[in-house]
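**Q** Listed below, chain by chain, are the residues.
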Amino acid sequence: MSDNSLRIVWIYPDLLSTYGDQGNALVVERRARQRGLDVARVDVRSDQPIPTSGDIYLIGGGEDRPQRLAAERLRRDGGLHRAVENGAIVFSVCAGYQILGHEFINDLGQREPGLGLLDVVSVRGEGARCVGDVLGDIDPRLGLPPLTGFENHQGVTHLGPTARPLAQVRLGKGNGTGDGTEGAYNDTVFGTYMHGPVLARNPLIADLLLKLALDVNALPPTDDRWYEALRNERIASAQQPA
Amino acid sequence: MSGNSDPLTPRAKLAVTAGKAVAAASRAAGRGSGSVIGGKVALRLDPDLLARLAQSLDVVLVSATNGKTTTTRLIAEALRAAGPVVSNALGANMPAGITSALAGNSDARYGVIEVDEKYLAGVARDTDPKCIALLNLSRDQLDRAAETRMLAENWREGLAGSKAVVVANADDPLVVWAASSSPNVIWVAAGQMWKDDAWSCPSCGGVMQRPGDDWFCGECGFRRPTPSWSLSGDHVLDPHGSAWPIHLQLPGRANKANATSSAAVAAVFGVPPQVALERMYQVQAVAGRYDVVQFKDRDLRLLLAKNPAGWLETFSLIDPPPTPVILSVNARGADGTDTSWLWDVDYTRLTGHPICVIGDRKLDLAVRLEVANQHFQVCDDVDQAVQMCPPGRIEVIANYTAFQDLRRRVGN
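Chains A and B, in that order, give the protein sequences.
In this text, residue positions in the first sequence follow UniProt numbering: the first is 1, and each later residue adds one.
In this text, residue positions in the second sequence follow UniProt numbering: the first is 1, and each later residue adds one.
Just so you know, the hints here were simulated from the structure itself, not pulled from any lab data.
Glycine included, every Cβ here is placed at the ideal spot set by N, Cα and C.
Among the hints, a few may not be true.
To be verified - Which bits of chain A does chain B cover? Going by a derived footprint, with three or more residues having C-beta under 8 Å, they are: (1) 19 to 31; (2) 41 to 47; (3) 63 to 70; (4) 108 to 114; (5) 179 to 191.
Stated by the list, open to error - Computed Cβ-Cβ distance ranges for the label pairs, DEER-style: (6) G392(B) x D187(A): 43 to 49 Å; (7) D291(B) x G127(A): 41 to 47 Å; (8) G392(B) x A40(A): 39 to 45 Å; (9) P391(B) x V216(A): 48 to 54 Å; (10) G392(B) x L171(A): 41 to 47 Å; (11) D215(A) x D213(B): 45 to 51 Å.
My request is simple: use the sequences and hints to build the entire structure.
**A** What follows is the structure in structure tokens.
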């Protein structure tokens with residue numbers, strides 16, 4: 001990466017952009033520009049090759065059939081693996097999160113291989129669909145304030161030994177495994193079930209991605225008063241008895 | 001008098017009477033029009049009541065994600081040229097509300113019925129329609145609604161055996177996929193600004209190619225059918241190539257598209273486009289939508305937009321800057337409780353407009369606008385927002401329950 005430039009790659013908006021997922025790209029882009037970075041955003045449609053020289057890759061949520069198509073095309077393409085080998089940061093949501101794991105259940109009810117970039121395996125939950133506001137505590141190692149988001153999924157994701165949970169939920173289901181974990185990450189690859197979009201609700205996660213991509217420990221401050229107001233409102237609302 | 005040559009069975013008559021009595025009681029108790037509760041009671045007494053009521057009518061069903069209430073109104077006006085019409089004009093569009101509306105007028109010849117997308121297949125089975133108008137399908141309330149493509153699949157299966165003439169939008173691949181199981185389709189080039197729910201071929205999953213106004217799947221050959229009716233600027237082009245001017249009081253491209261589909265439906269019943277379009281001019285506001293009301297010495301135009309496709313069409317019809325814009329968003333049950341769809345709306349289109357945000361979820365809007373690099377004010381309520389704006393026109397755009405709140409406050 002050259003000194004002052006940042007390349008954001010949004011993977012397959014034609015298939016995986018069902019729940020306002022563009023928001024995550026917009027938030028990272030905006031916060032990078034506010035730090036004076038020269039940002040190039042590349043939206044890659046599923047009939048185009050994944051560039052391997054990006055800094056931050058975003059992959060969103062989608063319906064069951066598009067999820068299978070996206071997994072097939074990403075496996076065939078192979079570009080995301082090379083990008084990760086090059087040190088890229090990947091942030092994934094919901095259907096995209098499942099695709100980054102070893103396998104998930106596709107729209108035909110079959111086990112579909114994922115990309116194996118995260119040590120997780122997803123299955124279909126037996127209970128009711130998880131829908132609603134979520135409040136959680138992010139892994140203390142990451143030094144971030146509470147997680148707020150909105151979940152809407154049927155999947156249950158089990159973590160293997162090399163994946164750490166992104167958060168522990170106080171309210172909501174998260175990974176749906178019953179142990180309160182939400183999402184997963186390793187050094188450079190992140191996954192979460194949170195919509196909202198999650199980076200609009202948690203701008204400091206967007207900043208974490210920027211810091212990892214830039215390999216810096218701190219970023220210049222931004223005016224976050226509307227994010228703060230929204231976070232306070234959503235966290236208070238989640239804590240109210242239904 | 002035309003229509004009811006087949007009188008209702010005694011059981012059906014009892015059901016109609018009981019339904020009306022319950023509706024009247026509900027109205028008297030101040031609980032709205034009572035049409036839904038009345039319809040529910042009537043359907044419980046006679047589960048076949050909707051089918052029986054529809055038997056004596058020439059039925060038109062109208063379904064879509066956006067524009068179904070307005071289009072139902074436009075078609076009803078057009079068909080009144082040919083005979084009396086009964087319609088669920090207030091937008092109660094599930095079986096109970098539809099039953100109630102049809103029970104309200106036993107002299108009608110035509111039944112023009114708005115149907116919720118999820119109920120179309122069932123209502124089509126019950127009412128044996130002569131015509132079904134399908135306008136568009138896009139993402140809406142994803143926390144509780146079916147996936148958009150599943151809806152198209154559901155329409156497709158439901159329409160496969162139908163004898164109805166299907167009037168369908170050739171510019172929406174999901175609608176084309178749904179309608180093409182039907183043997184008798186009239187394709188209308190009505191346009192569709194929102195394209196982000198149809199990049200993936202509904203037939204094979206291939207990537208859709210979209211050169212200009214055309215579209216086709218690069219893999220399986222599924223493609224845009226040749227339309228026989230088109231919207232062309234301010235004119236409807238009929239199958240003979242004649243151009244008929246559209247004069248509407250309703251604003252915007254989307255309503256011209258609705259008028260084009262409505263003219264195609266009217267022609268199915270022998271009403272010529274010129275007559276149909278002249279009658280459509282009479283439609284001024286539909287359940288408060290597009291109404292201009294005076295409030296605190298300003299002229300507020302009330303615009304309902306419930307989902308990304310609706311907001312996109314709405315942004316294209318508002319007055320240019322510096323006309324102020326008030327945005328109001330709620331996330332109650334009827335709106336869908338997930339606000340992430342706000343991020344599918346391109347708010348940079350509001351650049352240059354002074355913007356005020358209100359509603360239960362004004363802080364979601366504030367963050368959305370901040371990221372879009374727009375200037376905006378967060379206000380407590382519509383009163384405060386209006387006072388921020390100079391006298392003159394204000395465009396007020398609200399989603400479903402926010403729109404109802406707004407109407408209650410500004411009194412239209």
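**Q** Next step is simple, just say for each hint if it's right about the structure.
**A** Status of the hints after comparison with the structure:
1. Only when three residues or more bring their CB closer than 8 Å to a CB of chain B does the claim for the segment 19 to 31 of chain A stand; here the count is 8, and the claim holds.
2. Under the rule that three or more residues need a Cβ within less than 8 Å of chain B, the assignment of the segment 41 to 47 of chain A holds, with 3 such residues.
3. Closer than 8 Å: that is the beta-carbon criterion, and the segment 63 to 70 of chain A has 5 residues meeting it against chain B, so the requirement of 3 holds.
4. Only residues whose C-beta sits within less than 8 Å of a C-beta in chain B count toward coverage, and the segment 108 to 114 of chain A has 0 of them, not enough to reach three; the restraint is violated.
5. A stretch counts as covered by a chain when three or more of its residues have a beta carbon under 8 Å from one of that chain; for the segment 179 to 191 of chain A and chain B the count is 0, and the coverage is violated.
6. In this structure the hint that G392(B) and D187(A) lie 43 to 49 Å apart at CB is violated, the actual value being about 57 Å.
7. The supplied range of 41 to 47 Å is met by D291(B) and G127(A), whose beta-carbon atoms lie about 45 Å from each other.
8. For G392(B) paired with A40(A), a C-beta distance near 41 Å keeps the hint of 39 to 45 Å intact.
9. P391(B) and V216(A) have their C-beta atoms about 51 Å apart, which keeps the hinted 48 to 54 Å range intact.
10. For the hinted restraint 41 to 47 Å between G392(B) and L171(A), the CB-CB distance of approximately 46 Å keeps it satisfied.
11. For the pair D215(A) and D213(B), the beta carbons lie near 47 Å from each other, so the given range of 45 to 51 Å is met.
Consistency note: the structure conflicts with the earlier hints numbered 4, 5 and 6.
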